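**Student:** The chain contents come next:
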Amino acid sequence: MPGVTLRGLSKRYGGVAAVDNLTLEVKPRELVALLGPSGCGKTTTLRLVAGFLTPEAGEIWVGDRCLSSATAVVPPERRRMAMIFQSYALWPHLTVAQNVGYGLRFRRGMARADRDRRVSEMLRVVQLDGFEARYPSQLSGGQQQRVAVARALVVEPEILLLDEPLSNLDANLREEMRFEIRRLHETFGITTLYVTHDQAEAMVISDRIAVLDRGRVAQVGSAEEIFQQPRTRFVADFIGRTNLVDAVAATPDAVTRGGLRLHVATADLRPGARVSVSIRPHEIAFANTADGRAGDNVLSGRIRRVSYLGDAVDYQVEIEGSDVILRVAAAPALRLRPGETVRLVIPPSACVPLPE
Amino acid sequence: MRSTVVRSTFDRSVPVWIATAVTLVLLMILPLGWLGWVSVSSEQGATLANYVQVFGDPHLQKALWNTIVLAFWVGTASLAVGVPMAWLTGRTDLPGKRVIRALIMASFVTPPFLGAFAWVMLAGPNAGLLNKIYRGLTGSDDPLMNIFTMPGLIFVVALYSFPYVYIMIVNTLELIASDLEEAGAILGASRLRVALTITLPLAFPAILSGFILAVLQALALFGSPAILALPAGFHTITTQIWSFFQYPPKVEQAAAFSIPLLLATALLLQLQKRLLGRRGYAGVGGKTGARRPIPLGRWRWVALAGVFAVLACTIVLPYAVLAKAAFAKAWAQPLSWDNLTLANFTFTFFEYSATRDAVINTLELGIMTATVGAVMAALLAYVTNRRLVPGHQALGFLAVAPVVIPGVVLAVGLFIAYTRPPLVLYGTLAILFVAYLTKELPVGYAQADTTFKGVHPELEEAGRILGAGRLRVLREITAPLAKSGIIATWCFVFIGVIRELSASIILFTPATKVISVVIFDLKEEGQFAAISVLGLFMLAMTFGIVLLMQTALGRDFLGAKD
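In the order they appear, the protein sequences are chains G and W. Each residue of the first sequence is one higher than the last, beginning at 1 in my numbering. Each residue of the second sequence is one higher than the last, beginning at 1 in my numbering.
Just chain G, same shape as in the assembly (with noise of 0.2 Å):
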């Protein structure tokens, strides 16, 4: 089972990159997810591995055979790789074993007996037995997704592509399928991209993340490392809810915004330098409840606005000495009121410098 490698890559439309310069591994028998705002290139960067468009510029290697490059392009049937598309692309006028069997019919020397024989197996695996003389607009989204599960996976592709498959599914059924797909790859084991917008889908899904920013990689790891050390401010604000706080550096290991003084994650600041500082909402704690230990930021202020979400209670406090506004999340046993004032403990482990 090989992986994939793209170096380089870039596509432009008309004078706009929608994919600039991107580079990114895919191990064997990996998953990783492709999370972006909408226009941030992930689709294109899909489709470029697909062979449906061809890029500028860069390479696209699968395993030791390049698909990709400035001399040559592998067109897509020639690929061996599978896709799920956003719309399933079920054929109409196809009956839903029809469907599934379309990609086996390209397998030289694969008997019609076993060609049925893989198909109702593959429509086992995806619970749809007995279905397989329905046409694709008799079964409902939920069943026509599976069908396009079963279609793709049925060809044992080198490289599964996946095009933001849940989007046309509601919420409920959603949530199982991140679940379901996730069950297939670790049952199958085939090297798969996964496009998504939604951070959930991408953190459930996926061995790994790259978020994409204007067509480039702007990090790559996991669910974890992304949400807990973002690398820029736009994977920070992306990812999560967070408070972004544009400051100087002081001293290696703290940053000043007017009277706001913040000892951060790491010792390597140039003093006077400008830094974003990520802090996660969860992360700050009122001093009422919580004793802070020795080291850990302490910073009073006055509440400004209080919402109440259920599981949790949004503050916005509005820091003393500074123009600075933090949002805190914290449990709903605790009932502040706007106006009064409080003092908060933030750990520098949870304040991220984000260079600009």
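Hint data in this document are derived by calculation from the structure and do not stem from the laboratory. Be aware that a few hints might be false.
[What the hints assert, rightly or not] Negatives, chain W to chain G, calculated, CB over 10 Å:
(1) Ala49
(2) Trp299
(3) Leu335
(4) Val375
(5) His456
[Said to hold, decoys possible] Only some residues are given here: those of chain G computed to face chain W with a beta carbon under 10 Å:
(6) Ala50
(7) Gly51
(8) Ala97
(9) Asn99
(10) Phe106
(11) Gly109
(12) Ala148
(13) Pro157
(14) Gln228
(15) Phe286
(16) Arg302
(17) Val306
(18) Ile325
Note that this is a predicted model, so its numbers are computed, not measured. The C-beta atom is built at its ideal place from N, Cα and C for all residues, glycine as well.
Position chain W relative to chain G; hints supplied.
**Tutor:** Showing chain W alone in chain G's frame:
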């Protein structure tokens, strides 16, 4: 890494695209280029003398003016009839909507020149049936109406142009959410007020563009003016261009006189495109779910009577008089058992020498043009929809460009282009084929374009990634999905071809007559019975094809689902 580069094979579809593009350029550029050149040429070289001569002639100025008058009033009359009918059938609880729609569709496909013939028999000043009935009832010596007048001409042309307005507006009304109207009603506006202050302004771009379509129809029409204006002693641009080809032919003047018609058409279509392109307020977003028809109350039956009065004039009376003339020994005599005969059919199909050849020519041309046209339209629409070649937008533009060329003008261009080497086609069916293909391509392309817009590209990509090559995907996935749409394209082109008169009338020779030309000849001979027989034959063929098309599409072709 060890490099095992697989070279991509040569895409075998490329030559197909290139051939299509070249054909298209030839169809358009050759006739129009010659037309423009001849209009400024003389034995002494380039000149504007032809234009000076044509536009200085008071007779020709009069023909220009007549055309403007005709076009304006046809547009206005089409609005006056088409807008209320569209609102009534699209928005209210008017009874019998299905029948009304079917009849309007019938007016849409009725060849206008057949309607004009029928109205000659209905409202000719002397023998016209309606005038005879009127004289019988009142004892008056004067006719009720004389169809051989400008108002008569406007009346008849409008009867077959208003469906353009109707279709335009019905389709727009379907996009305007009922909520928008109900929002007005909840604020206290009456039904009429809602219609006037909300629905009407929302549909305004569609109304204006319907007006332009009707005007264009009137501008380009040859048959009805030839039948009604010539006996009345006046010309329009199209009949004037035709008369330039009567012996001795004055091709340069015909060319010079064609250019303003071409420019006017191009300009008006551009305007119409702008109007429709200005989305936003007519674009009418939101959920367009349930249609709640507006109750008409006691006005229902009044409205219904009005609608049927119009449809009686477009369909019931003309078809009845054609049928009567086809089956009667003498068409002007009252209907009785003695007067019934099938002799007209025997005469038309077996004794009148020109007919059989014309029927064969028409069918041959219809099938050939429809087949080649549908294939070409499908290829072009596919190339432009899938952006397969650089410059695909230009191809799409060229495919619809012939729409600006009125049939008569196209015929002048083709006449000039193909009466000289390298391609001498004049006198063969081939020149008619080229004319029909060019003329019908925009309609065919539009239909094919809609078809391919309905086939999601991901359906093809899913096949590619699973191992099927481009041509295989085309054959196994795209073709089956586009089949019914392409059959409809074929039908559209076929119907357009068998009724074509305005280009045929200039390009035919005695050996290459088609049915419409024979009908026109028969009129010169006063053979009303034979005209009616051929007319009914043409209508039967048209409606047969319409039925085929509706079966293929599963809906009526005005756009409504069953």
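**Student:** Please go over all the hints and tell whether each is borne out by the structure.
**Tutor:** Right, here's what the structure says about each hint:
no. : hint   : in the structure
1   : Ala49  : holds (48 Å)
2   : Trp299 : holds (42 Å)
3   : Leu335 : holds (52 Å)
4   : Val375 : holds (21 Å)
5   : His456 : violated (6 Å)
6   : Ala50  : holds (6 Å)
7   : Gly51  : holds (8 Å)
8   : Ala97  : violated (15 Å)
9   : Asn99  : holds (9 Å)
10  : Phe106 : holds (3 Å)
11  : Gly109 : violated (14 Å)
12  : Ala148 : holds (8 Å)
13  : Pro157 : holds (8 Å)
14  : Gln228 : violated (34 Å)
15  : Phe286 : violated (46 Å)
16  : Arg302 : violated (45 Å)
17  : Val306 : violated (36 Å)
18  : Ile325 : violated (37 Å)
Violated hints, listed in ascending order, are 5, 8, 11, 14, 15, 16, 17 and 18; each of the other numbered hints is respected by the structure.
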